[in-house]
Amino acid sequence: MATQVVDHSALKVNQTGIVATVLVAFVGSAFYRPALLLIPLLAIVLLVGTFAPQLALFKQFYFKFLKPRGIVKPRPVQDRPETHNFAQGLGGVFLAVASIFLLPLPVVGLALALLVAVLAFVNLAFGYCLGCQIYFQLGKRGLIKAS
Amino acid sequence: MNAQLWALAVVGIVVLAAACLEAFRSRRARKRALGAVAAPAADPYILYFTGDGCTVCRTHQEPALAKLGAVRIDRVDAIADRTLADRFHVYTLPTTVVMSPEGRALHVNYGYTTAPKLERQLAEARGSAMQAATA
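Protein chains in written order, with this note's numbering: chain B, 1 to 147; chain S, 1 to 135.
Think of the hints as simulated: they come from the structure by calculation, not from any bench.
Glycine is no exception: its CB is placed at the ideal position from the N, C-alpha and C atoms.
Hints should not be assumed to be uniformly reliable.
Below, computed lysine to aspartate or glutamate pairings styled on EDC-like, alpha-carbon distance capped at 16 Å [stated by the list, open to error]: (1) K140(B) / D81(S); (2) K117(S) / E62(S); (3) K73(B) / D7(B); (4) K31(S) / D86(S); (5) K64(B) / D7(B); (6) K140(B) / D77(S); (7) K67(S) / E119(S); (8) K140(B) / D86(S); (9) K67(B) / D7(B).
A few chain B residues that don't get close to chain S, going by computed Cβ distances all over 10 Å [as the list claims (entries may be wrong)]: (10) D7; (11) A20; (12) A52; (13) F63; (14) K73; (15) R80; (16) T83; (17) V108; (18) L124.
Covered stretches of chain B, going by a simulated chain S footprint (3 or more residues, C-beta under 8 Å) [said to hold, decoys possible]: (19) 24 to 36; (20) 134 to 140.
Based on the sequences and whatever the hints tell you, model everything.
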């Protein structure tokens, strides 16, 4: 599968959005419980964005608002978007599972959501993408067509 | 507030456990891969395992390799050449292996490795190759 140009600034904005939303939900829920609703909403945003990139909220915010105004500069890199989409989808699935646990077992739900935020932060700050590594492992085992 | 604190503790433990597991896995893979053989060459060289989906390879590892200057770098697609990747226990991308001229793995680096570290490893490899030649 051939590589194409992927704007890494869009990915960074997406990761920032994930970290910020989970943190607001996490801290906010301590004072105002309905703030937890942000977690299922984020799960929907990520899952919808995985299957329909034109509906990826944070990426669209970058393409439609931040990039045209020069607030965030583009960073095009020859890359494969499927890897990042897979990682985003995985984050969405984890947040969906977290959402299920939020009411009966809030500790589990919050921990799962926080874990997604930690991994998004690690990717944002250090460039290490766990979802991409899982994609590589699945490709190596022939479970997905990764090359 | 209690749920938040417990969740924070759980995440802390999970992150710590994952870091320990990663350190253990990396150490074990390195131990197994050291001494593995590939093609011989005139000078020490680098086996560079990468893949189409490896972003860090493009954004970090390849610029670091470009800084090394005149060093032979054998680029290997870890998914297409699974036999070679398995021989060096490649479990993450990028992976760089500093090979001796005889084609033996001297240093195995899992994950992004900086240019100074690779230079140091190559200098060591050149040193041991010279020692072997003069002995």
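Sort out which numbered hints this structure fails and list those numbers smallest first.
15, 16, 17
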